[in-house]
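*Asks:* For the sequence shown, counting from 1, position 442 maps to 442 in our numbering; every step adds exactly one.
Treat each hint with caution, since some may be false.
What the hints assert, rightly or not - Quick list of in silico lysine to aspartate or glutamate cross-link-like pairs, DMTMM-like style, CA-CA up to 25 angstroms:
| # | residue 1 | residue 2 |
| --- | --- | --- |
| 1 | 36 | 21 |
| 2 | 157 | 447 |
| 3 | 157 | 258 |
| 4 | 36 | 102 |
| 5 | 157 | 356 |
| 6 | 36 | 110 |
| 7 | 417 | 102 |
Calculated directly from the structure, the hints in this document are not laboratory data.
Predicted, not measured: the structure shown is a model, and the values here were computed from it.
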Amino acid sequence: MGEPTDTVWAQRSALVLGAGESGLACAEWLARLGAKVRLADSRPLAGVSPPPGVDAEFGLGHPMPERLLSACDVLVLSPGLSPHPDRVHSVSHLVEVAHARDIPILGELDLFEEALQSLGSGAYGSPTRESDEPELALARPAVLAVTGTNGKTTTVKLTAHLLESVGLDVQIAGNVSPSMLRALMDRLDARRLPQVWVLELSSFQLASALRFTPTASVILNLTEDHLDWHRSMEDYRASKLRVYGLPLPVGLALVYRDDAQLEAAVRAHLARHSQRPVETISFGLSPCRESELGFGLYADGLEWMVRQMPTGDADPSAQQSRLTRLMPSAAMRLQGRHNLLNAMAALGLAQAVTDDLAGMLHGLRTYLGEPHRLQSIAAADGIEFVDDSKGTNVGATVAALEGDAVPVAIIVGGDGKGQSFAPLFEALQRRNAIVVGIGRDGPLIVEGARQRGLHAEMAEDMAGAVSIGFAALRARVGEGRGQLLLSPACASLDMFQNYAHRATVFAQAVSALLEREGVQA
Numbered sequence: 001m002g003e004p005t006d007t008v009w010a011q012r013s014a015l016v017l018g019a020g021e022s023g024l025a026c027a028e029w030l031a032r033l034g035a036k037v038r039l040a041d042s043r044p045l046a047g048v049s050p051p052p053g054v055d056a057e058f059g060l061g062h063p064m065p066e067r068l069l070s071a072c073d074v075l076v077l078s079p080g081l082s083p084h085p086d087r088v089h090s091v092s093h094l095v096e097v098a099h100a101r102d103i104p105i106l107g108e109l110d111l112f113e114e115a116l117q118s119l120g121s122g123a124y125g126s127p128t129r130e131s132d133e134p135e136l137a138l139a140r141p142a143v144l145a146v147t148g149t150n151g152k153t154t155t156v157k158l159t160a161h162l163l164e165s166v167g168l169d170v171q172i173a174g175n176v177s178p179s180m181l182r183a184l185m186d187r188l189d190a191r192r193l194p195q196v197w198v199l200e201l202s203s204f205q206l207a208s209a210l211r212f213t214p215t216a217s218v219i220l221n222l223t224e225d226h227l228d229w230h231r232s233m234e235d236y237r238a239s240k241l242r243v244y245g246l247p248l249p250v251g252l253a254l255v256y257r258d259d260a261q262l263e264a265a266v267r268a269h270l271a272r273h274s275q276r277p278v279e280t281i282s283f284g285l286s287p288c289r290e291s292e293l294g295f296g297l298y299a300d301g302l303e304w305m306v307r308q309m310p311t312g313d314a315d316p317s318a319q320q321s322r323l324t325r326l327m328p329s330a331a332m333r334l335q336g337r338h339n340l341l342n343a344m345a346a347l348g349l350a351q352a353v354t355d356d357l358a359g360m361l362h363g364l365r366t367y368l369g370e371p372h373r374l375q376s377i378a379a380a381d382g383i384e385f386v387d388d389s390k391g392t393n394v395g396a397t398v399a400a401l402e403g404d405a406v407p408v409a410i411i412v413g414g415d416g417k418g419q420s421f422a423p424l425f426e427a428l429q430r431r432n433a434i435v436v437g438i439g440r441d442g443p444l445i446v447e448g449a450r451q452r453g454l455h456a457e458m459a460e461d462m463a464g465a466v467s468i469g470f471a472a473l474r475a476r477v478g479e480g481r482g483q484l485l486l487s488p489a490c491a492s493l494d495m496f497q498n499y500a501h502r503a504t505v506f507a508q509a510v511s512a513l514l515e516r517e518g519v520q521a
């Protein structure tokens with residue numbers, strides 16, 4: 001089972017901008033197809049080796065020189081590079097020249113979609129599977145796509161877990177890593193293509209895509225983020241809406257109904273850009289509307305996650321709904337109300353591939369969640385220490401604050417990426433949180449919290465933040481319960497290598513604090 005054959009690529013010269021994970025995979029993929037490939041990056045990248053057959057030029061500085069386009073007839077953009085002027089990591093000058101010269105501009109999602117189309121049903125019909133594995137009634141693999149401001153990785157991994165629980169061969173790829181083309185090349189080399197792809201797609205990956213045909217897709221939620229890359233919130237929203245299919249929406253569309261503005265935008269997009277009605281499933285913590293297919297919650301003394309399905313009566317006026325109890329919400333091992341929403345989205349996506357609901361519900365009960373996402377790392381004398389370092393935007397931190405109602409001290413701050421902190425201040429006020437600021441935008445958050453009457457202090461580093469938060473929380477609760485929560489609402493690169501490094505430093509600070517205090521965890 002080899003690469004798709006495409007004689008067109010063998011006659012083309014491609015310039016790939018950006019030598020991160022996605023850019024390296026794009027360059028290697030195009031080289032394997034026979035294209036002449038040049039890989040360029042503004043950074044020195046001393047430890048990065050270009051793929052075989054790829055010419056590379058690193059350390060070009062910013063802006064990268066226009067001469068790079070002199071011998072190229074296809075431009076491939078890595079997702080971290082903004083095509084907009086006056087944005088972080090902007091390559092707008094090269095994009096403008098490419099447009100003027102009619103040079104096509106592609107991204108990894110375009111190349112991945114083209115690869116699946118080129119592989120076709122022949123590759124996916126190859127006899128590499130055991131006969132007792134579940135059958136897919138598809139000429140090509142199912143492609144399930146997840147985007148949103150928060151919860152993408154959890155939902156992607158949970159969806160894959162549900163499908164693997166019923167015996168399907170599933171490959172995760174995209175923003176979550178590995179990149180789509182890296183995963184595809186590894187699968188081709190192993191001569192075993194997956195039955196289902198579950199893709200985490202960022203707004204960057206979707207913004208410039210030209211063609212995408214998912215089996216099912218979802219926007220989990222939408223709050224301000226990445227406004228240092230996008231031109232506006234409207235531009236950010238428009239990029240996310242592309243997850244439902246390009247150039248037209250296709251497949252099953254999951255719609256989050258608890259956000260009226262997002263739901264209206266999604267339904268308007270589907271109606272405006274579809275040639276035929278697109279099947280939709282709604283999900284939310286609120287009840288489903290009458291005669292609507294969807295997931296929600298229902299309480300009859302015990303709170304249940306439920307699925308509502310129309311009865312199928314031909315007369316719309318006689319249409320009624322059937323409610324199926326799926327499982328008590330408390331039976332999930334994932335913490336937080338937001339994870340109930342992630343679970344509903346995962347079930348909705350997965351049901352586009354299989355109707356083995358019992359098997360998926362068993363998988364849902366066994367799923368433990370992801371590192372650095374509301375992960376309890378220690379507890380001592382009634383104080384729980386929680387790592388939510390992956391909360392890199394305001395929406396994620398607001399969701400974290402809507403969990404347990406115990407007194408909380410929260411460590412926030414870092415690179416705010418131009419987002420508004422107003423929703424964060426409201427959530428902090430609702431919880432009467434103790435606020436400890438770190439990083440570049442920590443002082444801004446601390447000042448806003450103080451203006452709202454909250455106890456707020458600034459720390460010089462993570463160790464100081466943990467000490468300040470613990471002392472203030474202990475003073476407030478005495479011997480009672482409390483939570484020291486790292487959920488920064490900001491990116492980490494002003495102080496740390498990445499969010500995982502931030503989490504490691506937090507865990508080290510917690511361990512040192514407990515040892516210093518003589519507290520047994």
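*Asks:* Decide, hint by hint, whether the structure agrees.
*Replies:* Okay, the hints, checked on the actual structure:
Note on residue 36 and residue 21: the hinted pairing holds, with a Cα-Cα distance of about 19 angstroms set against a maximum of 25 angstroms. For the hint pairing residue 157 with residue 447, the CA-to-CA distance comes to about 37 angstroms; that exceeds 25 angstroms, so the pair is violated. This hinted pair checks out: residue 157 and residue 258 have alpha carbons roughly 23 angstroms apart, not beyond 25 angstroms. Our distance criterion of 25 angstroms between C-alpha atoms is met by residue 36 and residue 102, whose separation comes to about 19 angstroms.
For the hint linking residue 157 to residue 356, the alpha-carbon distance of about 18 angstroms falls within 25 angstroms, and the restraint holds. Distance check on the hinted pair: residue 36 and residue 110 sit about 18 angstroms apart at the alpha-carbon level, within 25 angstroms; holds. This hinted pair does not check out: residue 417 and residue 102 have alpha carbons roughly 33 angstroms apart, beyond 25 angstroms.
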